[in-house]
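Undergrad: Construct the entire structure; sequences and hints are all you get.
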Amino acid sequence: MTETAPDLDGLRGAAAPRNHDARTIAALTSNPGCARRGVMDAAGVDKDLVARELGFPAPFGQSQFAITRGNAFEAQVKADGCAELLTLLRERLGLDVPEVAYDDLEVVAGNEGRELRHSRTRRLVARALETGEGTLFDHPLLRLEIAGRFAYLEPDVIAFQLAGRLHVIEIKSFAVVDGQAEPEQVAAAARQSAVYVLALRRMVAELGHDPGRVSHEVFLVCPENFSNRPTATPLDVRPQLAVLERQLARLTRIDDILAELPGDLTFEPGERLAESVRAVEARYAPECMSGCEMAFFCRDEARACGSTGALGRSVRDDLGGVDTIGTALALADGSLAPSDDLAETAEQLRTAARLRAEALEGVA
Amino acid sequence: MSALSSLARLEAAAAGVARPLATVRHCHVAEAPLVLVPLRLAGEAAAPLAVLAGSAPDDPALLVVPQPRNRDLRFAFAADLAKLVLNHIETSRGEVEELPPGKEGEERIRYGDAPQLLVPNRGGVAFLRMLGRSTRFRSTEGPYAVDPAVPVLGRWLTWFADRYDHPGSSLLGAMTELLRLHWATGQSSLEDGNLAALMGWIDPPDGLDGPAAAARAEDPVAWPPAGPATDPTFDNEVLAPAIAAYDASGGGARAEARLRAALAGQLTPTWDLMWRAVEVLRGLPEGASVPKRWERDRDAFTYYHQTFGEAYPQARRDSPVRAARRLHDLERAQDAYDAQRAFDDPLVMAEHRLAGQAFGGVVTECDPARLDETGKRPKLRPHLRVATADPVRLDAGTTVCSAARPALKGRIVEIGGGAVLLELTGGMGRKLTPEPGVVPEAGDRVCFTSLTDGSFGMAKFPDREETPWTHGGPPEEYVPTHEDAEEEWS
Amino acid sequence: MFRSPGVPTPDELETRISELRAAVRRAVAAGDRSNARELRAELRRAEQAWDDAVLGEGGADAGAGDRADRDRDGGPRGLLPVREQVHQALTLLGAPAAPKLIGSVYAAFFPGGVPASRLTSLRRDEERSFRTAPYARPYYLCAALTADLLAPARGLLTVSTWPLEQRIVGPLSPRTDFLTSAVRLAEHAGRGTPSPGAQRLLWRFASNIPGAVTGTVGTVDPAVLAEAARAELEVHREPDRRRRASAAGRARAQLDDAELLFGSRLRALRDAGRRPAGNGETER
Numbered sequence: 001m002t003e004t005a006p007d008l009d010g011l012r013g014a015a016a017p018r019n020h021d022a023r024t025i026a027a028l029t030s031n032p033g034c035a036r037r038g039v040m041d042a043a044g045v046d047k048d049l050v051a052r053e054l055g056f057p058a059p060f061g062q063s064q065f066a067i068t069r070g071n072a073f074e075a076q077v078k079a080d081g082c083a084e085l086l087t088l089l090r091e092r093l094g095l096d097v098p099e100v101a102y103d104d105l106e107v108v109a110g111n112e113g114r115e116l117r118h119s120r121t122r123r124l125v126a127r128a129l130e131t132g133e134g135t136l137f138d139h140p141l142l143r144l145e146i147a148g149r150f151a152y153l154e155p156d157v158i159a160f161q162l163a164g165r166l167h168v169i170e171i172k173s174f175a176v177v178d179g180q181a182e183p184e185q186v187a188a189a190a191r192q193s194a195v196y197v198l199a200l201r202r203m204v205a206e207l208g209h210d211p212g213r214v215s216h217e218v219f220l221v222c223p224e225n226f227s228n229r230p231t232a233t234p235l236d237v238r239p240q241l242a243v244l245e246r247q248l249a250r251l252t253r254i255d256d257i258l259a260e261l262p263g264d265l266t267f268e269p270g271e272r273l274a275e276s277v278r279a280v281e282a283r284y285a286p287e288c289m290s291g292c293e294m295a296f297f298c299r300d301e302a303r304a305c306g307s308t309g310a311l312g313r314s315v316r317d318d319l320g321g322v323d324t325i326g327t328a329l330a331l332a333d334g335s336l337a338p339s340d341d342l343a344e345t346a347e348q349l350r351t352a353a354r355l356r357a358e359a360l361e362g363v364a
Numbered sequence: 001m002s003a004l005s006s007l008a009r010l011e012a013a014a015a016g017v018a019r020p021l022a023t024v025r026h027c028h029v030a031e032a033p034l035v036l037v038p039l040r041l042a043g044e045a046a047a048p049l050a051v052l053a054g055s056a057p058d059d060p061a062l063l064v065v066p067q068p069r070n071r072d073l074r075f076a077f078a079a080d081l082a083k084l085v086l087n088h089i090e091t092s093r094g095e096v097e098e099l100p101p102g103k104e105g106e107e108r109i110r111y112g113d114a115p116q117l118l119v120p121n122r123g124g125v126a127f128l129r130m131l132g133r134s135t136r137f138r139s140t141e142g143p144y145a146v147d148p149a150v151p152v153l154g155r156w157l158t159w160f161a162d163r164y165d166h167p168g169s170s171l172l173g174a175m176t177e178l179l180r181l182h183w184a185t186g187q188s189s190l191e192d193g194n195l196a197a198l199m200g201w202i203d204p205p206d207g208l209d210g211p212a213a214a215a216r217a218e219d220p221v222a223w224p225p226a227g228p229a230t231d232p233t234f235d236n237e238v239l240a241p242a243i244a245a246y247d248a249s250g251g252g253a254r255a256e257a258r259l260r261a262a263l264a265g266q267l268t269p270t271w272d273l274m275w276r277a278v279e280v281l282r283g284l285p286e287g288a289s290v291p292k293r294w295e296r297d298r299d300a301f302t303y304y305h306q307t308f309g310e311a312y313p314q315a316r317r318d319s320p321v322r323a324a325r326r327l328h329d330l331e332r333a334q335d336a337y338d339a340q341r342a343f344d345d346p347l348v349m350a351e352h353r354l355a356g357q358a359f360g361g362v363v364t365e366c367d368p369a370r371l372d373e374t375g376k377r378p379k380l381r382p383h384l385r386v387a388t389a390d391p392v393r394l395d396a397g398t399t400v401c402s403a404a405r406p407a408l409k410g411r412i413v414e415i416g417g418g419a420v421l422l423e424l425t426g427g428m429g430r431k432l433t434p435e436p437g438v439v440p441e442a443g444d445r446v447c448f449t450s451l452t453d454g455s456f457g458m459a460k461f462p463d464r465e466e467t468p469w470t471h472g473g474p475p476e477e478y479v480p481t482h483e484d485a486e487e488e489w490s
Numbered sequence: 001m002f003r004s005p006g007v008p009t010p011d012e013l014e015t016r017i018s019e020l021r022a023a024v025r026r027a028v029a030a031g032d033r034s035n036a037r038e039l040r041a042e043l044r045r046a047e048q049a050w051d052d053a054v055l056g057e058g059g060a061d062a063g064a065g066d067r068a069d070r071d072r073d074g075g076p077r078g079l080l081p082v083r084e085q086v087h088q089a090l091t092l093l094g095a096p097a098a099p100k101l102i103g104s105v106y107a108a109f110f111p112g113g114v115p116a117s118r119l120t121s122l123r124r125d126e127e128r129s130f131r132t133a134p135y136a137r138p139y140y141l142c143a144a145l146t147a148d149l150l151a152p153a154r155g156l157l158t159v160s161t162w163p164l165e166q167r168i169v170g171p172l173s174p175r176t177d178f179l180t181s182a183v184r185l186a187e188h189a190g191r192g193t194p195s196p197g198a199q200r201l202l203w204r205f206a207s208n209i210p211g212a213v214t215g216t217v218g219t220v221d222p223a224v225l226a227e228a229a230r231a232e233l234e235v236h237r238e239p240d241r242r243r244r245a246s247a248a249g250r251a252r253a254q255l256d257d258a259e260l261l262f263g264s265r266l267r268a269l270r271d272a273g274r275r276p277a278g279n280g281e282t283e284r
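Top line first, the protein sequences correspond to chains Z, R and D.
Following the UniProt record's numbering, the numbering of the first sequence begins with 1 at its first residue and continues without gaps.
Following the UniProt record's numbering, the numbering of the second sequence begins with 1 at its first residue and continues without gaps.
Following the UniProt record's numbering, the numbering of the third sequence begins with 1 at its first residue and continues without gaps.
Warning: the hint list may mix true and false statements.
As the list claims (entries may be wrong) - Restraint-style ranges between C-beta atoms, simulated for each label pair:
{"#": "1", "chain 1": "Z", "residue 1": "182", "chain 2": "D", "residue 2": "120", "range": "33 to 43 Å"}
{"#": "2", "chain 1": "R", "residue 1": "142", "chain 2": "Z", "residue 2": "236", "range": "36 to 46 Å"}
{"#": "3", "chain 1": "Z", "residue 1": "17", "chain 2": "D", "residue 2": "195", "range": "46 to 56 Å"}
{"#": "4", "chain 1": "R", "residue 1": "299", "chain 2": "D", "residue 2": "217", "range": "26 to 36 Å"}
{"#": "5", "chain 1": "R", "residue 1": "181", "chain 2": "D", "residue 2": "52", "range": "30 to 40 Å"}
{"#": "6", "chain 1": "D", "residue 1": "191", "chain 2": "Z", "residue 2": "207", "range": "45 to 55 Å"}
{"#": "7", "chain 1": "Z", "residue 1": "182", "chain 2": "R", "residue 2": "72", "range": "25 to 35 Å"}
{"#": "8", "chain 1": "R", "residue 1": "206", "chain 2": "Z", "residue 2": "236", "range": "51 to 61 Å"}
{"#": "9", "chain 1": "D", "residue 1": "187", "chain 2": "R", "residue 2": "69", "range": "28 to 38 Å"}
To be verified - Selected chain Z positions facing chain D (Cβ under 8 Å, derived; list incomplete):
{"#": "10", "residue": "86"}
{"#": "11", "residue": "90"}
{"#": "12", "residue": "108"}
These aren't lab readings, by the way, just hints derived from the structure by calculation.
Built from N, CA and C at the ideal position, the CB exists for glycine as well.
TA: This is how it looks when you write it as structure tokens:
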């Protein structure tokens with residue numbers, strides 16, 4: 001756990017480490033093969049800053065209207081000892097919640113230190129599992145091992161204990177209209193919730209209990225239709241959990257990547273920043289644009305070397321894994337003889353090129 | 001995606017300009033479509049902020065909600081938009097065509113034309129759908145009364161959004177999708193979702209190539225997003241102060257004018273782009289089956305318009321029978337649309353050839369007068385051997401038809417050695433010798449396919465009264481409730 | 001870089017405004033905050049100059065609007081000082097409460113309104129006053145203390161003259177206090193005819209308590225509300241009371257006078273180690 005720690009801290013330079021959140025972890029699993037992202041996240045590098053320094057700022061700003069709306073909705077649902085949330089659990093989901101305890105884990109005696117918060121979370125979860133004490137745990141601080149290192153998780157959720165089982169409750173401000181929400185937003189919420197469920201399960205297992213006591217059913221709380229009235233929807237995140245566990249297991253160990261890198265590598269702002277970033281291989285795909293601060297830089301790099309991946313995964317798949325545009329086109333026009341493993345792809349490309357040319361002949 | 005369209009992307013990337021995916025236009029473009037560029041307040045499901053609308057490039061109307069959280073202002077906006085959209089609907093009907101009477105002798109008519117709505121992207125369609133949902137149940141009397149035009153707008157927007165789901169319909173179009181149907185760019189489909197970037201590849205401004213134009217289009221300050229989402233820095237630095245100033249002024253005209261100017265600045269570039277895109281689409285020759293599909297759109301429009309007065313707003317959820325029928329209709333429409341495009345366009349047919357469902361080549365042998373005399377009466381069954389290099393994946397016995405003239409039907413006799421032997425079975429006239437010019441001759445280029453252009457029988461679904469118990473039994477007649485009308489829109 | 005000599009024309013100003021807007025947004029996107037701030041100020045000046053040039057100085061609705069805006073801040077003021085208003089609302093509620101609830105209660109049952117902006121700094125002001133001159137005032141508006149660490153609970157206000165047990169919050173207390181407040185508000189409202197504002201407030205309570213809603217949506221029978229709240233309170237009251245009482249015992253043994261009112265942060269600090277800069281520390 002500790003032998004490469006100096007290297008990681010060195011990568012970050014003098015800056016304080018950034019926490020993972022479930023969004024970054026969910027995004028991480030969408031591109032597990034990217035070493036650049038893996039190393040930068042493991043070191044807690046401020047990727048946003050790095051991207052800006054490189055001249056490719058990430059367009060992840062949020063509108064104050066969206067922020068205000070999100071905060072107001074969350075505050076409303078949690079107001080007065082989570083009164084509205086409790087009503088949802090009791091009436092909408094038909095749960096029998098006789099006694100309601102509320103523990104705020106976001107701040108421990110005015111302090112937000114993450115070790116402190118994590119240990120308090122652990123203590124209260126242990127107690128809940130043993131004695132059934134506690135109902136709503138707001139803002140638990142969890143940990144998850146990622147690529148051989150522990151990352152703290154800042155979930156903006158409530159852990160809900162009922163009859164010895166824990167559920168994750170996630171409050172989101174996108175609307176559920178006639179029982180339906182935007183599929184991308186629900187999918188993103190499900191991926192994030194799965195991260196929390198997994199982290200909570202690991203904690204439960206560490207505490208010597210059955211991880212199955214953390215339910216795969218999470219409760220999504222959203223505004224209903226066009227109002228501010230909250231509604232709760234149970235969401236089965238088993239598929240997301242399966243993907244997540246698989247991807248986490250597949251993540252290249254950070255230590256292995258680090259072993260290949262020069263010892264004096266650093267992501268501190270400066271003249272050599274671009275060179276340092278390029279020293280760690282990236283695997284760019286258009287999906288990165290929605291989740292990684294480095295995406296614009298990596299896209300530029302991928303385009304500059306004519307990578308087919310920059311055109312999208314489906315294009316790459318259609319091309320049978322041919323990496324560069326130049327190679328694919330050369331295979332298509334027959335100017336490049338394919339190696340054995342590309343023979344079939346080349347055949348397909350040549351046919352496609354011939355058919356396109358034939359069809360376009362009449363027009364041109 | 002297919003290897004063919006992926007190859008087109010590669011070509012585009014290498015050439016620095018979009019490459020065609022079609023040789024003809026597969027959608028109807030109205031003479032005067034209603035272009036709508038809507039903006040929504042960030043963080044809200046359907047809080048309109050502004051829309052630029054009109055059916056001529058030099059005549060946009062700007063509608064704005066100066067304080068999007070104010071319910072009365074929202075409904076005032078909805079009423080204004082309603083007048084605009086409903087006016088377009090009423091003026092796009094054209095002459096009424098009398099059709100032959102129906103089976104039970106009922107009168108049947110079809111409007112000579114139909115309204116067409118164009119929005120920049122799929123987000124625009126989703127926004128219209130939401131706006132329709134949030135306005136169609138409104139009551140025009142009682143404590144929460146709204147302008148009578150508001151629920152009418154809601155029902156029409158819902159109808160347009162419904163038709164959007166219908167493959168091949170041109171009543172409501174998302175410009176990015178229409179363009180992507182005809183061109184491949186050298187960027188990913190994610191980036192193609194940006195109308196300005198997409199147009200940058202298809203029709204780059206003077207002095208720029210596709211990548212340069214697309215790069216410029218990705219700067220939200222230089223090129224405002226096409227909506228309905230706004231750029232966060234615009235929200236934070238321009239919109240929020242302007243709305244705050246409007247609030248502070250107690251709804252002052254001057255503050256409102258400034259807000260309108262700021263929003264117009266966000267909308268105008270997309271407005272211009274929309275009309276340029278319309279011109280680009282018009283530049284393609286219309287596909288042969290486009291008028292036929294537009295006729296179906298006109299039928300749908302005629303029916304909805306004629307029955308509007310006696311119908312309720314569309315239900316919140318479809319009943320099981322309706323949902324199943326709708327799904328079936330959509331699948332059928334998709335098959336027909338795919339086939340029609342292939343018959344209209346050799347470049348689309350090339351996709352089917354690559355997939356092995358069609359083949360093209362030169363006729364090497366031809367026996368146009370061959371007769372099958374095994375039956376009671378002799379039948380005209382010409383043989384045709386077509387040399388092809390296509391990867392044919394059809395079995396002997398499969399029925400195929402000619403891409404150039406679908407009426408000419410045949411059956412595959414054998415495949416092999418880079419050739420297909422066909423026995424022609426129909427579409428050559430009624431005599432024992434084919435009509436002149438119908439059977440291809442040796443040396444002709446031909447293309448045959450197993451696709452059919454989609455005339456299927458009507459599917460049988462139970463009437464609503466006979467909905468099976470497995471699907472919840474007959475649904476209650478949907479009647480909007482007071483609650484629907486009162487539903488908050490905040 | 002955006003200067004031009006002499007008095008600019010409206011057209012020049014418009015160009016400058018749009019240039020400045022773009023520049024501000026670019027600065028923000030690039031994370032350059034100080035530059036963004038300067039540009040923003042310059043933008044406001046340009047907008048003002050445009051207003052003056054085009055609409056004439058102090059144009060019709062701007063002047064009136066600005067005044068209206070000043071009056072609007074925080075709504076109509078009550079006659080009492082803010083701390084008196086908060087005291088009245090808390091006394092009616094009888095339990096620790098968040099500023100938002102305090103504001104709603106005051107608006108529903110008393111004349112005028114509590115300016116929300118003033119509530120955020122209230123507790124800090126009270127603590128300063130107490131530390132400068134202990135017990136100089138008949139009461140202080142102070143913190144609720146968390147039962148486990150005796151630290152100030154986030155966002156809750158209480159009155160110093162309440163028994164310590166009432167000012168301590170354990171895990172069950174948010175619900176207990178919510179129900180207690182419901183009972184007290186319902187009883188208070190039941191003595192007269194509740195105003196529409198009071199009805200709305202009672203509805204907020206009733207809709208979140210099982211069995212408290214019997215009639216039509218939006219209307220509450222205070223007696224039914226009180227009854228339903230008492231029924232659920234039965235489940236929570238005893239364990240909550242024990243918890244609060246034991247914490248109060250610890251507090252009396254461990255804390256000094258000021259800490260008893262405003263909470264202890266010492267132990268937490270000792271345990272904490274380094275603390276990252278966060279934005280959730282506003283309630284300290």
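Undergrad: Run every hint past the structure and note whether it holds.
TA: Hint check:
1. For the pair residue 182(Z) and residue 120(D), the beta carbons lie near 35 Å from each other, so the given range of 33 to 43 Å is met.
2. Separated by about 41 Å at the C-beta atoms, residue 142(R) and residue 236(Z) satisfy the suggested range of 36 to 46 Å.
3. One distance hint, 46 to 56 Å for the beta-carbon pair residue 17(Z) and residue 195(D), holds here, with the actual separation near 54 Å.
4. Between residue 299(R) and residue 217(D) the beta carbons are some 44 Å apart, a value that contradicts the proposed interval 26 to 36 Å.
5. For the pair residue 181(R) and residue 52(D), the beta carbons lie near 52 Å from each other, so the given range of 30 to 40 Å is not met.
6. Taken as a hint, the range 45 to 55 Å holds for the pair residue 191(D) and residue 207(Z), whose Cβ atoms sit roughly 52 Å apart.
7. Here the CB-CB span from residue 182(Z) to residue 72(R) is close to 27 Å, well matched to the stated 25 to 35 Å.
8. Look at residue 206(R) against residue 236(Z): about 55 Å separates their beta carbons, and that is inside 51 to 61 Å.
9. Under the hint 28 to 38 Å, the C-beta atoms of residue 187(D) and residue 69(R), about 35 Å apart, fit the expected range.
10. Look at residue 86(Z): its Cβ gets to within about 7 Å of chain D, closer than 8 Å, so that hint holds up.
11. The interface hint given for residue 90(Z) is met, as the beta carbon of that residue sits about 6 Å from the closest beta carbon of chain D, less than 8 Å.
12. With 8 Å as the threshold, the beta carbon of residue 108(Z) comes within range of chain D, its nearest partner Cβ sitting at about 6 Å, so the hint holds.
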